[in-house]
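Quick note on the numbering used here: the sequence shown kicks off at 1 and runs consecutively.
Calculated directly from the structure, the hints in this document are not laboratory data. Since the model is a prediction, treat every value here as computed from it, not as a measurement. Any given hint could turn out to be false.
Derived lysine-lysine pairs resembling DSSO-like cross-links, with alpha carbons at most 27 Å apart [said to hold, decoys possible]:
#1 K144 <-> K112
#2 K195 <-> K249
#3 K226 <-> K79
#4 K324 <-> K285
#5 K350 <-> K324
#6 K298 <-> K249
#7 K79 <-> K181
#8 K318 <-> K350
#9 K341 <-> K285
#10 K341 <-> K242
#11 K341 <-> K318
#12 K350 <-> K195
#13 K333 <-> K252
#14 K159 <-> K201
#15 K159 <-> K252
#16 K180 <-> K252
#17 K195 <-> K181
#18 K201 <-> K226
#19 K298 <-> K276
#20 K324 <-> K408
#21 K112 <-> K226
#22 K112 <-> K350
#23 K341 <-> K79
#24 K466 <-> K112
#25 K202 <-> K144
#26 K249 <-> K112
#27 K159 <-> K276
#28 K144 <-> K79
#29 K181 <-> K159
#30 K226 <-> K341
#31 K324 <-> K202
#32 K338 <-> K276
#33 K180 <-> K79
#34 K181 <-> K226
#35 K159 <-> K202
#36 K159 <-> K242
#37 K318 <-> K242
#38 K276 <-> K201
#39 K242 <-> K180
#40 K249 <-> K181
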Amino acid sequence: MLNFNFHLSTYNKDMVQSKRIHSSALNIAQVIVIVMSIALTAGCGMNSDDSDKSGDASLERYAPVIGEVTENLGNPNHKYYYYLPTTYDTNQVWPVIYCFDSHGRGSLPVMKYKDLAERNGYILIGSNKSKNGMSWEDTFSHIKIMTEQVDSQLIINQKRVYAMGFSGGARVAVSMAIHKKGIAGVIGCAAGFPKLKEKLKKNFSYLGIVGSYDFNYAEMLQLNEKLDDSNVNNHLLIFDGKHEWPNEKIMKDGFLWMELNSIRSGRETYHDSLIKFSFNHETLKTDQMLDEQVHPLKLYRQYLKVVNFYWGLTNTVKFEQQLKLLGDNPIMKQVLVKHSKILIQEIEIKGQYANALAEQPAAWWETEAVRMRELIASEDDYVNQCSYLRVMSYLSLVSYLQCDAALKQNELENALRYIDIFSYIDPTNSDHAYFRALMFAKQDLMNEALNSLNRAVELGFDNMSKMNSELLFSSILDQVIDKPL
1 MLNFNFHLST YNKDMVQSKR IHSSALNIAQ VIVIVMSIAL TAGCGMNSDD SDKSGDASLE
61 RYAPVIGEVT ENLGNPNHKY YYYLPTTYDT NQVWPVIYCF DSHGRGSLPV MKYKDLAERN
121 GYILIGSNKS KNGMSWEDTF SHIKIMTEQV DSQLIINQKR VYAMGFSGGA RVAVSMAIHK
181 KGIAGVIGCA AGFPKLKEKL KKNFSYLGIV GSYDFNYAEM LQLNEKLDDS NVNNHLLIFD
241 GKHEWPNEKI MKDGFLWMEL NSIRSGRETY HDSLIKFSFN HETLKTDQML DEQVHPLKLY
301 RQYLKVVNFY WGLTNTVKFE QQLKLLGDNP IMKQVLVKHS KILIQEIEIK GQYANALAEQ
361 PAAWWETEAV RMRELIASED DYVNQCSYLR VMSYLSLVSY LQCDAALKQN ELENALRYID
421 IFSYIDPTNS DHAYFRALMF AKQDLMNEAL NSLNRAVELG FDNMSKMNSE LLFSSILDQV
481 IDKPL
C-alpha cells in the first residue's frame, strides 16, 4: 500500500496557512495532463453545434414572474432561470447576478440562493446553456444574447451587474467580466481564472470561495496571491467543504461582499446601519472564535476577512494589528513554510495514486479507500486532515474522468473497473451510480440500468437534463422513482 500516512503526517501538527498563501481509456500521462489543465479548460471547449448567434427572438417582451424561480420564455436556444424578489417593481433599478454552473444547471444556483436574493434585493439569472465543453465563442455569444434579453425584460442597475460561477462556470464568470464592460464584481467558486491572453484588469472586484477539501484549493491560493500582488480588490473565503457550490450560510458573505464594495466604490450611497450591524456581527464572531480556541488557521482567516471586507468603511485597526502580530510570530512563520511543504507533498502523493489507478485492481482500492477514511477519521490535526481530504477529492475527480472516458470509448470492462473504484473512493457521489446505469444500458441490461439510475437519484443526482437527453435511457425514464423536477 502507498504510504499515505508517511507523506502527510511527518510535518509539525501546528500548521497554519496564510492568506498567500492498465487502461486505454486514459493513460497516466493523459490523466496528469488533464487534471493539471482542468484549471484552464473547465468551462470551455473547442466545439459546439447548438449555438444560435441571432438574439432577435429573445427581445420579445414577456410579463416577468415575481417571487418564483422561473424559466425564461425567450430564445429557446438560450434558456435561463431567473428569480425576482417579491419587492421588484419597475420604478427603480435592480442589481443582478448572472450565475454559471459547470454542467449548465441554471436552476441550481438560483434555487440555492433565492432567499439571499430576496433579503438583499437582487435579481438572479442562472444560465441553462453555459457548461463545460462549450467553446468560448459560443459562450460569449450566449452571454450576449442572454444579457440583451434580460436588459429588454427587466429594470437593471447597470452599475451593479455581477457574475458568479462554480468550477468551470467560475471561469466563465471571470471571462464575462473581462470581455463585457460594466461588470462590477465576480464571485468565483471552486476554480480560478481561465488562461488569459489579455492583461489582468482591475475594474471589477473578485471574491474567491473554495472548500478546504477541494482539489482546486491550491489553485485558489495561488490566484489569491497573484491578485494581491496585482493590487486587485479581492478576498478568498475558505470553508470546510469539498468541490461544490457553497451553502447559503457561506454565500451570505458573498452578498455582503458585493454590498460593501458597492458602497466603497460609490455605486451605492453609504449604508451606515448595514456596515455597523455586519461589522458588529463579525466582531462578535471573532470573540467567540477566540473563546472557543479555534485552530489558528481559522482565526487568521477571520482577521483577514474583516480587514478585506471593511477597509475604508469603518475602523479596522484592531483586526489589522492582530493580523500583523500573528503574521510576525516566528512560530507562525515556520508553520507557513511547513504548510507549503505539505501542499508540495500532495502533488507527489497524487502522482503515486494516479499510477495506482492504472495498476491496482478494484479490490485493492476497496481496501485502500477504507484505510484512507480511517486515517482521516483518526487525524486530530485540522491542516493534515484537510490535506488528506483534498487527496481523496482529487482521486474522486480522476476516477470520474476515467469512467467517462472508458464509457465514451465503449471499453465496458475498463468502465466497470473504474466505476467500482469510483464507488469505493467516493461512495456518496451520485455520478458513479449514473455511470453504472449507462454501462448497463450499453449492454441492454435495462432492469439493472433502472436500479442504478434510482440509486443515483437517491444519492442526489439532479442533472435531469443530462439523464433525459440520454437516448439509452429512453425506455426506462418514466420508471425512475423520486425523480427531481
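Taking the numbered hints from earlier one at a time, note which ones the structure violates and give those numbers from smallest to largest. 2, 3, 5, 8, 9, 11, 13, 20, 21, 22, 23, 32, 36, 37, 38, 39, 40
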